[in-house]
Amino acid sequence: MTAPFRLPSGGRIDRSRELAFRFDGRRYIGRPGDTLASALLANGVRLFARSFKYHRPRGVMAAGAEEPNALVLLEPGRFAEPNLRATEIELYDGLTAESVNRWPSLRFDLGAVTGLASGLFVAGFYYKTFMWPPSWWNRIYAPAIRRMAGLARAPREPDPEVYEHRHAHCDILVVGGGPAGIAAAHAAAASAARVMLVDERPNFGGALLDAPRRIGDEAGAAWVDRMLGETKALALPRTTAFGYYDHNFVALAERLTEGLAPPERAGRPRQRIWHVRARRVVLAPGAHERPLVFPGNDRPGVMLASAVAAYIHRYAVLPGRRAVFLANDDSVYAAAREFTRQGGEVAALVDLRPESAADADGLPVLRSAMPVRSLGRGRVSGIEIASAPDGGTRRIACDLIAMGGGWNPAVHLFSQSRGALRWDDGLQTFVPGGSAQAERSVGAAAGRFDLEGCIAQGAEAGAAFARELGFETPRRSAPPEPPPPPALVRTAPPGGRGKAFVDFQNDVTASDVALARREGMRSVEHLKRWTTLGMATDQGKTSNINGLALMAAGLGLPPAAVGHTAFRPPYTPVPFGALAGRNIAALADPVRRTPMQDWHEANGAVFEPVGQWLRARYYPGGGETMREAVARECRAVRGAAGVLDASTLGKIDIRGPDAAEFLNRIYTNGWKMLGIGRCRYGLMLGEDGMVFDDGVTTRTGEHRYLMTTTSGNAAAVLEWLEEWLQTEWPELQVYCTSVTEQWGTITVSGPHARILLEPLVEDIDLDPAAFPFLSMREGRIGGAPGRIFRIAFTGELSYEVNLPWRRCLPVWETLIGAGAAPYGTEAMHVLRAEKGFIVVGHETDGTVTPLDLGMERMVSSRKDFIGRRSLARPDSRRPDRKQLVGLLPEDPSEVLQEGAQIVEAPRETPPVPMLGHVTSSYWSAAMERGFALALVKGGRSRHGDRVWASATTGDSRVRIVDPVFYDREGARLDG
Amino acid sequence: MMRIECPWCGARDETEFHYGGEAHIARPADPDALTDEAWADYLFIRANPRGIHAERWMHAQGCRRWFNALRHTVSHDFAAVYPMGAPRPEPPEAET
Chain C
1 MTAPFRLPSG GRIDRSRELA FRFDGRRYIG RPGDTLASAL LANGVRLFAR SFKYHRPRGV
61 MAAGAEEPNA LVLLEPGRFA EPNLRATEIE LYDGLTAESV NRWPSLRFDL GAVTGLASGL
121 FVAGFYYKTF MWPPSWWNRI YAPAIRRMAG LARAPREPDP EVYEHRHAHC DILVVGGGPA
181 GIAAAHAAAA SAARVMLVDE RPNFGGALLD APRRIGDEAG AAWVDRMLGE TKALALPRTT
241 AFGYYDHNFV ALAERLTEGL APPERAGRPR QRIWHVRARR VVLAPGAHER PLVFPGNDRP
301 GVMLASAVAA YIHRYAVLPG RRAVFLANDD SVYAAAREFT RQGGEVAALV DLRPESAADA
361 DGLPVLRSAM PVRSLGRGRV SGIEIASAPD GGTRRIACDL IAMGGGWNPA VHLFSQSRGA
421 LRWDDGLQTF VPGGSAQAER SVGAAAGRFD LEGCIAQGAE AGAAFARELG FETPRRSAPP
481 EPPPPPALVR TAPPGGRGKA FVDFQNDVTA SDVALARREG MRSVEHLKRW TTLGMATDQG
541 KTSNINGLAL MAAGLGLPPA AVGHTAFRPP YTPVPFGALA GRNIAALADP VRRTPMQDWH
601 EANGAVFEPV GQWLRARYYP GGGETMREAV ARECRAVRGA AGVLDASTLG KIDIRGPDAA
661 EFLNRIYTNG WKMLGIGRCR YGLMLGEDGM VFDDGVTTRT GEHRYLMTTT SGNAAAVLEW
721 LEEWLQTEWP ELQVYCTSVT EQWGTITVSG PHARILLEPL VEDIDLDPAA FPFLSMREGR
781 IGGAPGRIFR IAFTGELSYE VNLPWRRCLP VWETLIGAGA APYGTEAMHV LRAEKGFIVV
841 GHETDGTVTP LDLGMERMVS SRKDFIGRRS LARPDSRRPD RKQLVGLLPE DPSEVLQEGA
901 QIVEAPRETP PVPMLGHVTS SYWSAAMERG FALALVKGGR SRHGDRVWAS ATTGDSRVRI
961 VDPVFYDREG ARLDG
Chain L
1 MMRIECPWCG ARDETEFHYG GEAHIARPAD PDALTDEAWA DYLFIRANPR GIHAERWMHA
61 QGCRRWFNAL RHTVSHDFAA VYPMGAPRPE PPEAET
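Protein chains in written order, with the numbering used here: chain C, 1 to 975; chain L, 1 to 96.
With the rest of the complex left out, here is chain C (with noise of 0.2 Å):
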């Protein structure tokens, strides 16, 4: 197969080898050194994809980064990556790629007769046209516009690739491997200063490679091979710096196995995120190509001059036969003389200014000129061009259009550091102005465009970074003054019929813009958000200037004035997978493990995340239901015992002579006559009254206490308790130590709890009246010194056992083999809310006080706490506030949604008034019914009242009560 636009000689390509590859199901042949664009355009492919919007057919046109046409699908199924670049792909053997937004095929695209019917699709069309009726819209409307609209689709698949992070700090980073920026990394390298140089291309030498420049004796690629191999300074190819952050952090991503079909990179990371912290940075990325506006400027076959050349040098491609040039900036002649030595005909260079200081040399100039529109069906196959002196249209045959508009530094980087830009009428643009990090930005990135002026720039810029840092280096000379910038004809309004684009990617046309302005739009990023100017994966890289000039020459004000939309990582898209990197699955979060985690998991619990721990719920056996199992555990505890794993409570060893003085004012209620060996349950609010946490606290010794909190709470807790005696009470000799996981918790609770642990306990009377309710006795359990404590969650009789970690397992074993039933937390949340207690984060969400929740007498009068003062405040005291009520439902089999809201009557016509919502809701196995805890607008006044419950599952009549259901007296609290 022979590659009909590909050059004899030349080019980055190795001609020994050849690439097997298919677009779009055909097979095409191709070389190493080729990306998939310049594969496809040797090939004489034209057509890759269909636009956004109006299905247009779409060429390649540009050759790097900037490209807003061609993106493509890279290998559907399994390692699919949408919406790439096809300038950027390293082509590889084997490699499949689809194009995008295109059906049934891209030749033949049903989608496209929205550009027939375009007057329905113009910019904000969505805003204004598919509006009637309302019901249509999306059902019908929005479902048929997002297929048709949009690009790639996302894989359904998990990703199969692996990425990998890594944290680097250099003194001097250099983004962008042309000529400015290989001369920065050079200088700063040649001290002792530590440099990294990275390039999103796979070779470094940026603009170098595009032409045949000498630099000096040197041809320009062999100085940058020279200079690279000269320097110490660490290079990474295909690198892309995508963002800059605060205090010089500017992320990277590094592709590793670009270029490698997917079973070659099997056991390797796709990409590499680079997190950098630089002392100082110097910005080198270059200038992208300004397109020129004009009525089908899209068509296929229309091209950035730069890419022209880029084509010929780095791959050997020429991308035409028979050209016209269209150039406001005379780089365009270098691109159409190199055109013509490479064999190509240059049927008219079209330059829109009236004269030129460029060498035309020999070449068909036409001046003050102007394109009309590109002729063709599907591609190029003519030009209408407007000459100034009469006015008059001639056409001109070609196959190919390269267009210069001028250039825009990649300011990209630059402005996310936020660096202030600049307008500069000279080049028509934005450039660099004030730094506001420790940043420079040389080379054409500073709108410098002379070579030996970008390499001094450069070499300057990375010598006086490192002297700066205190590295020795000689000291550069100052780049020469530039040269003058060239005359440049502002981008005017286009002047023939049809779809004159900006912004290629999002299909937004010039009169989109205009139309944006006659709508009221007046600012930049109205305009954006109206049109989508610069949005989706290009970001705008070819159009963003063009389309704020054509809305400053619309309002009559200077570009300046109209001023530019905020440039926002990432610089090019990267894969979520990448931002992820190894955070993923099982590595996402660590779990943290009980004692008995390993029990529970090979007893079949049912488990619930609880913070990072992942709690047993509950123990079905035997086919049960969940509500079977859970009745069942119920049934254990309230009937004989049960036992509980509790060690994910949170732990806090708190001591110092001040500690009791530090509980009372953190806490609501007192602890200065708590005595030693005994436990009390307190209460936490934060400053503005609302409950916080809640917990049992003991005293272990003279000066040191034993505070548990809720699971999910626990660090919380403990650095809210560091922050009041680091920042507020320094004068308190107080000391917290977290000891969650020194000490594992068995609960064992029920009539029989006393009699199932006695075996266990070797000197600790068990005996209710030798040890009360709420006190705590050390001794040995199991062999262990352990401690257990009277606190009973369950209302029943009830010992927590805490012992070494490592000593829980065989004293949990034992207690289950004496008969004791494991019970889960969802028995727990029964067997506490039929007891009307609370658990924080269900009857509390940061709006509820002790006074909501009926705990006044946990509330003391006699000292100052914190939050105390926020209770008198006047919306503490509003008589019609939430409070904590119990609920009923009127059909006892049934049990309530969890978050169903409160209403007096159900189905009135909205607005309808919310007095609450259902907390937690269970069904009872001692009562034999559901019942519910609730937050109910002055609820504690309406026992007896009968309102509805209203869920997504729909209406229940409801009984407000009081919270406690169970045991109202306590008589079980000792067996």
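These aren't lab readings, by the way, just hints derived from the structure by calculation.
Keep in mind that a hint or two might mislead.
As the list claims (entries may be wrong) - Sample of chain C residues lacking proximity to chain L, with all beta carbon distances greater than 12 Å (derived):
1) Glu481
2) Ile866
3) Gly867
4) Arg942
Claimed, not checked - Pair ranges (Cβ atoms, derived):
5) C/Glu741 x L/Gly85: 52 to 62 Å
6) L/Gly85 x C/Phe576: 16 to 26 Å
7) L/Met1 x C/Pro590: 36 to 46 Å
If you're wondering where the values come from, they're calculated on a predicted model, not measured in any experiment.
Every residue gets a Cβ at the ideal spot worked out from N, C-alpha and C, and that includes glycine.
Please arrange chain L on chain C, whose structure you already have, making use of the hints.
Coordinates of chain L only, in the frame set by chain C:
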């Protein structure tokens, strides 16, 4: 991501720290003496300057110590870090 100078551990990435809001807000010695409005001021009202802001940070994934800092809310430059209880230093230059 900012780089923050912990007074005890040195410069570390922002992700190691917890932000603690405005500094130098002392808890009233006698909350009962405050009007509801004055108490609400203490609870809720904070400075939101465009410029130097005195604020609290905690090195959560390091020494777990709280400290104060002067940070410019636009440039994110840290003008000073200083211990809890120390008076607010004068900013090096009058910035707004």
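Taking the hints in turn, this is what the structure says about them:
1. Distance check on C/Glu481: its Cβ is at least 32 Å (rounded) from any Cβ of chain L, clearing the 12 Å threshold; non-interface status holds.
2. Interface exclusion of C/Ile866 from chain L breaks down, the closest Cβ pair being 9 Å apart, not more than 12 Å.
3. Listed as outside the interface, C/Gly867 is inconsistent with that label: its C-beta sits roughly 10 Å from the nearest C-beta of chain L, within the 12 Å cut-off.
4. With a least CB separation of 28 Å from chain L, C/Arg942 remains clear of the 12 Å interface cut-off, as annotated.
5. A hinted range of 52 to 62 Å is violated for the C-beta pair C/Glu741 and L/Gly85, which are about 33 Å apart.
6. At roughly 45 Å, the beta carbons of L/Gly85 and C/Phe576 sit outside the given window of 16 to 26 Å.
7. Checking the proposed 36 to 46 Å range against L/Met1 and C/Pro590 shows it is violated: the Cβ atoms sit about 22 Å from each other.
Hint compliance for this structure: hints 2, 3, 5, 6 and 7 are not met, and every other hint is.
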